[in-house]
Amino acid sequence: MANATQSPLERNYARLGILLIGPTVLVFCAVIVYPLVSAIYLSLFSIYTPTLEGEWVGLSNYRELLAKGEFWSSLWTNIIWTVGTLTLQIVFGVGMALVLHQNLIFRSLARSLILFPYFVSTVVAVLVWRWLFNDLYGILNHFVMLSGASDMPVDWLGSMPNALLSVILVGAWKYFPFVVIATLARLQTIPDHLYEAAKIDGAGPIARFFDVTLPQLRDVLVVIIMLRAIWDFKEFDLIFLLTGGGPVTSTQTLPLLVYKEAFALNQMGMASAYAVVMMAIMLVFMILYIRRTREEEDR
Amino acid sequence: MAINDPKTRGKAGGVSRRTAIGGMAAAGAALAAPARVWAQDATIRWWSPQASPGQLSAYQTQIDLFEAANPGTKVVFEKTSDEGYQPQLAAAFASGEVPNVVTHLPSFAVSDYWANGLLESFNEVIEAVGPEKYYRGANDIYEIDAGVYAGSGIGNSAANMLWVRKDLMEQAGIDAIPETWDELRAALQKMQGGGIYGAPLPYAKNSMTTLTIIGFIHLAGGQIFTPDLQVALDSDETRNALEFYKAMRELCPPGATNYSWGESLTAFVSGATATGIYTGRVLINVNDQNPPIADHVTCATYPTISKDVPSWTFNDFPSVFIPKAAGDMEMTKKFAASLYDGAGYIEQLHAAPGHVLPVLQTVAEDPAYLNNPIIEKYTAEVELMAASAAAGHNLGWESPEHKPNVKAGAIVGSGVLAEMVQRIVLNDEDATQVIGETAKAIEDIMKA
Numbered sequence: 039m040a041n042a043t044q045s046p047l048e049r050n051y052a053r054l055g056i057l058l059i060g061p062t063v064l065v066f067c068a069v070i071v072y073p074l075v076s077a078i079y080l081s082l083f084s085i086y087t088p089t090l091e092g093e094w095v096g097l098s099n100y101r102e103l104l105a106k107g108e109f110w111s112s113l114w115t116n117i118i119w120t121v122g123t124l125t126l127q128i129v130f131g132v133g134m135a136l137v138l139h140q141n142l143i144f145r146s147l148a149r150s151l152i153l154f155p156y157f158v159s160t161v162v163a164v165l166v167w168r169w170l171f172n173d174l175y176g177i178l179n180h181f182v183m184l185s186g187a188s189d190m191p192v193d194w195l196g197s198m199p200n201a202l203l204s205v206i207l208v209g210a211w212k213y214f215p216f217v218v219i220a221t222l223a224r225l226q227t228i229p230d231h232l233y234e235a236a237k238i239d240g241a242g243p244i245a246r247f248f249d250v251t252l253p254q255l256r257d258v259l260v261v262i263i264m265l266r267a268i269w270d271f272k273e274f275d276l277i278f279l280l281t282g283g284g285p286v287t288s289t290q291t292l293p294l295l296v297y298k299e300a301f302a303l304n305q306m307g308m309a310s311a312y313a314v315v316m317m318a319i320m321l322v323f324m325i326l327y328i329r330r331t332r333e334e335e336d337r
Numbered sequence: 068m069a070i071n072d073p074k075t076r077g078k079a080g081g082v083s084r085r086t087a088i089g090g091m092a093a094a095g096a097a098l099a100a101p102a103r104v105w106a107q108d109a110t111i112r113w114w115s116p117q118a119s120p121g122q123l124s125a126y127q128t129q130i131d132l133f134e135a136a137n138p139g140t141k142v143v144f145e146k147t148s149d150e151g152y153q154p155q156l157a158a159a160f161a162s163g164e165v166p167n168v169v170t171h172l173p174s175f176a177v178s179d180y181w182a183n184g185l186l187e188s189f190n191e192v193i194e195a196v197g198p199e200k201y202y203r204g205a206n207d208i209y210e211i212d213a214g215v216y217a218g219s220g221i222g223n224s225a226a227n228m229l230w231v232r233k234d235l236m237e238q239a240g241i242d243a244i245p246e247t248w249d250e251l252r253a254a255l256q257k258m259q260g261g262g263i264y265g266a267p268l269p270y271a272k273n274s275m276t277t278l279t280i281i282g283f284i285h286l287a288g289g290q291i292f293t294p295d296l297q298v299a300l301d302s303d304e305t306r307n308a309l310e311f312y313k314a315m316r317e318l319c320p321p322g323a324t325n326y327s328w329g330e331s332l333t334a335f336v337s338g339a340t341a342t343g344i345y346t347g348r349v350l351i352n353v354n355d356q357n358p359p360i361a362d363h364v365t366c367a368t369y370p371t372i373s374k375d376v377p378s379w380t381f382n383d384f385p386s387v388f389i390p391k392a393a394g395d396m397e398m399t400k401k402f403a404a405s406l407y408d409g410a411g412y413i414e415q416l417h418a419a420p421g422h423v424l425p426v427l428q429t430v431a432e433d434p435a436y437l438n439n440p441i442i443e444k445y446t447a448e449v450e451l452m453a454a455s456a457a458a459g460h461n462l463g464w465e466s467p468e469h470k471p472n473v474k475a476g477a478i479v480g481s482g483v484l485a486e487m488v489q490r491i492v493l494n495d496e497d498a499t500q501v502i503g504e505t506a507k508a509i510e511d512i513m514k515a
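Quick note, the sequences are listed as chains F and Y, same order. Here the first sequence stands for residues 39 to 337, numbered as in this note's numbering. Here the second sequence stands for residues 68 to 515, numbered as in this note's numbering.
Any given hint could turn out to be false.
Cut-off 20 Å, straight-line C-alpha distance, at most; resulting in silico cross-link-like pairs (EDC-like, lysine to aspartate or glutamate) [what the hints assert, rightly or not]:
(1) Lys507(Y) / Glu102(F)
(2) Lys106(F) / Glu510(Y)
(3) Lys106(F) / Glu504(Y)
Chain F regions said to be covered by chain Y (calculated; three or more residues, Cβ under 8 Å) [to be verified]:
(4) 193-203
(5) 286-298
In case anyone wonders, no lab produced these hints; they're calculated from the structure. C-beta atoms are modelled at their ideal positions from N, C-alpha and C, and glycine is treated no differently.
Chain F with its partners taken away, still in its complex shape:
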């Protein structure tokens, strides 16, 4: 028995440790464990949202959602959105970080301004973009018609595939500064002598990027991709405000489906079932992320 061999001082330290970690455990239980258990518990009931009253239905919510075409189409849209916007975020983010790593005039100002989309509220950003996309007064359509590319305004948000492309683009614009910040921080720590050695070996700018910069960025990019994949997968406000999931259900992702079940149809039990399934999918990303960070620590 380990306890029998412990001295009074060690037992006191153990108690102190429990005391000190207690508040953290309590907060963790309150903000993570309780909502998680609640969601799983609610998903086993048929519940009317405003009263939170309902009856036990067991796993039938899960059976019903897995049999619904709407779940699978929303999951597919969710994957397209996540992969599409994340790819653009990485491409724009790394590109912009490389530019801002150069000795530019007003570099500090540019580095500050580039963060603007990330810091601006989603509601404000969406309002601005909706005006830009507006068919009658939007500047995008003004330029499209001025350039002669089209005689008629383009329906950016109300028809497919324009709606999904527009949402992906706005998502990329909104979140690419996060990639810029993280990548720029890593770029500044790459030793200059690696580039000097590559130059001596005759590597041009493109070869230096692929043979020096990209391998050095690999670790930070993996972490960025993991985090942003989790965040983008559960994105709600930007898509909801831009298209509401339409046309029909073409831009409806799983978070929008959760919202629709919970508040439009007042079916909190079914909404919780969707949320639990979403959580299970995101768990894959989280496990990958945790394994990755462990590998980093082990090195």
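Position chain Y relative to chain F; hints supplied.
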């Protein structure tokens, strides 16, 4: 003094346990006293989705009048929205942190909440206002259970009026406002051009598209439910309505696929479309935002499939109701009744003349109400809207023969009818299959 001295055990510093407990009780009472005094100052929370600057100013007048008449009572106005009230109220009901009074939500929202036992009876408020002052039958829609009213109307609205520009009609050689769908399409084809589109009909996945298709089905002579609330969507009338809706697409701006109330209103008011579909808010907005067309604007009931089919006006029946969990019920009911008080109510109606029409006949005939520049300028239009709205219906009450449909809010919120429009108009899917699937989805909602 030793802690365990039997002489002092049970005493703290020489004070007996009884004395200590008594002291603590006194201290507690003293601490609680300010809270009790504070609690006497009632706070009434008032929610509404109608909150234009003019309306907010009118609400403030009503609040000031009520607070002056009821010292110690504070009224706080909080804005909700037509598209967002459902989650806000769901959260409020679930948490118990409900507003005291909610106004201007459509009547079908009231019936849904009433059916789930979430609302206080409105009978006392109606009695306080004076039942004889209302238009006859104005509160029938709220009598879901016999003899008990779930709420009351704070106004009427004629949501699907056809707004037209007489100057554009004249230029196009059209001498009468279209009365049938064929006439409307022919007129719009003549008026469309030169940067002006025919109509700002919504094709988005939202409540406006839902309400528009419900209106069109009725204008085709159909209905969504039979009077005993069996789903009656799968009909020739629905197919005709969808065919008309689809045929109108080429006469609407490209972005109409994402239009809601605001975009549709703005399209007509700004002059981008020759016609509009909206309530009387058009009048104040045209006069404020685009005066050059103000003298050319008029309205009519929306055309029907043929002259044999009567017009059908979508009336939201903007409501007032009180959540059962609201605190200080006596003062809450007093405040709800005060919303109908002459001067304050008239100022509220004048904030958007013709948009929210009076439900009290006594107010509609009051010279103080009629004495308004917009109402005086557009007397014929306001009278037409008032008459149309008074005879109007919505999904919660499709005709005088229909039973109140307590699931109407869930059906509108689900967006299944708007999705039906999008699938047929935008995706060009098979109408029969889509209508069948939509009817099934509505049946599922009715059963849930």
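| query | Going back to the hint list, which numbers does this structure go against? | reply | none
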